[in-house]
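With the hints as extra help, turn the sequences into a complete structure.
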Amino acid sequence: MQEPLAQQLRPQSLEEVCGQQHLLAQGCVFRRTIESGRVPNMIFYGPSGVGKTTVARIIAQNSGMRLHKLNGTTASTGDIKAVLSEIGTLASAGGILLYLDEIQYLNKKQQQTLLECIEDGSVTLIASTTENPYFYIYNALLSRCTVFEFKPLAPADIRQGLCRALEKLNQQQGSDLQMEEEALDYLAQACGGDMRKALGCLEFAATAAQVQDGAPCITLDMIKQVSRRTAMRYDREGDDHYDIVSAYQKSMRGSDPDAALHYLARLLEAGDLVSACRRLMVCACEDVGLAYPQIIPIVKAAVDAANMLGLPEARIPLADAVVLVATSPKSNTAYMGINQAMADLKRGRSGPVPRQLQNKHFDGEDALVKGQNYKYAHGYENGWVEQQYLPDAIKDVVYYQYGKNKNEQAAKAYWDRIKGKTTD
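Residue numbering for the sequence shown follows the UniProt record's numbering, starting at 1 and increasing by one per position.
Check each hint, because a few of them may be wrong.
In the SDA-like style, the derived pairs of lysine to any residue whose C-alpha atoms are separated by at most 20 Å in a straight line are [what the hints assert, rightly or not]: (1) Lys250 - Asp320; (2) Lys69 - Lys81; (3) Lys412 - Thr333; (4) Lys346 - Asp392; (5) Lys330 - Ala259; (6) Lys330 - Cys285; (7) Lys108 - Ser143; (8) Lys419 - Val385; (9) Lys395 - Gln340; (10) Lys250 - Leu268; (11) Lys395 - Met342; (12) Lys151 - Glu16; (13) Lys330 - Ile298; (14) Lys151 - Glu102; (15) Lys404 - Gln294; (16) Lys330 - Ser255; (17) Lys375 - Pro391; (18) Lys412 - Tyr335; (19) Lys69 - Asn41; (20) Lys406 - Arg417; (21) Lys419 - Asn382; (22) Lys81 - Ala93.
Now the in silico label distances, taken between C-beta atoms and shown as ranges [to be verified]: (23) Tyr134 - Glu181: 38 to 44 Å; (24) Asp243 - Gln21: 20 to 26 Å; (25) Asp304 - Ala215: 54 to 60 Å; (26) Arg144 - Tyr105: 17 to 23 Å; (27) Pro11 - Val211: 30 to 36 Å; (28) Asn71 - Ala265: 31 to 37 Å; (29) Glu313 - Tyr374: 52 to 58 Å; (30) Phe135 - Gln387: 45 to 51 Å; (31) Pro40 - Gln225: 42 to 48 Å; (32) Asn71 - Gly95: 20 to 26 Å; (33) Cys28 - Ala343: 38 to 44 Å; (34) Ser122 - Gly348: 47 to 53 Å; (35) Gln21 - Thr74: 31 to 37 Å; (36) Gly348 - Tyr134: 28 to 34 Å.
It should be emphasised that the hints constitute simulated quantities derived from the structure, not laboratory data.
Keep in mind that this is a model prediction, so the values were computed, not measured.
Note that beta-carbon positions come from the ideal geometry of N, C-alpha and C, so glycine has one too.
Here it is, written out as structure tokens:
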């Protein structure tokens, strides 16, 4: 069985690692700590193919400790206990280093099994995860580790790795495999910051390289064929999903139609029509709101059309609506108002409904106060009369503040005029 190119090229020292210079550059705290020979408990967090496992293995190999490797997708509680059973034995005299990949797949009980030995230092843990550790890792375990974030690799880092891979392939095959500069640049961009993905595409294309000018050559067209859609990082249950939908709504809120269309395209390319429609509807209500209230039924019609059409045609009404939301005036006054009202309720700020608003029309012969005394607004000039609507405990609270946009200012001017002139 042939070992994958990505595995063959796995760096053996920190100097060979591409990217992650915010951690690995000379003088960085992370690197100085590792080179000191004292390995603390650490969790590496970041997308796949960016060097988490590679760096963990380099640290483990140079630690002088007895190394155990487990993967959270397959490790059982028995596997973890087998590692811990070596504590205090001759084999682990230099200490035990447990490298645990994909730790997010361990359940709470399995993670708790590690607590005591990590606490007393009998086991050093290096774990890696593609999911946000603050959501997926047990707090007690998380508090005993330092989290380091690994970032997607820049195109320049990917290009460096691809050039090394070409040299490796030529050494293995005794050939003179070439790759067009345009193909190198394209693949470095198209892999979405994932070195493993880039090397996989390169290895696949190399098997189909045709001879040009006496040497096999990987062309731009070949790379385009094997790297199609690879720049997409998307997982409906993971951080990428929440990052994209967050950027989608924030771009509309920030009135940037170009960015909003970009993130809409990423959602639709991943087939996530539900999130594209839901966030669009939320944004129309939350961020445009009363500055242009007619937008709500317009966007609802676009969402209905998109769901009726399905993909790929759904992109058309959604693009119309996204651009409309992004370029509309913005107001979050109603959104802020309801948030404050609900916050008051949670704090216990409320009270009985004022008597004049209750659903009562007769108070009984023995009632001290006769009649409900409700004032019917339509019976007064301009359809308004002053009376108390909020409970006594919060009767002077103001939740809604008129926005500065033309629509809300026109409403404010109208009610200032009506309420200023009308008397009971």
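Item to complete: List in ascending order the numbers of the hints, as given earlier, that are violated by the structure.
Response: Structure breaks no hint.
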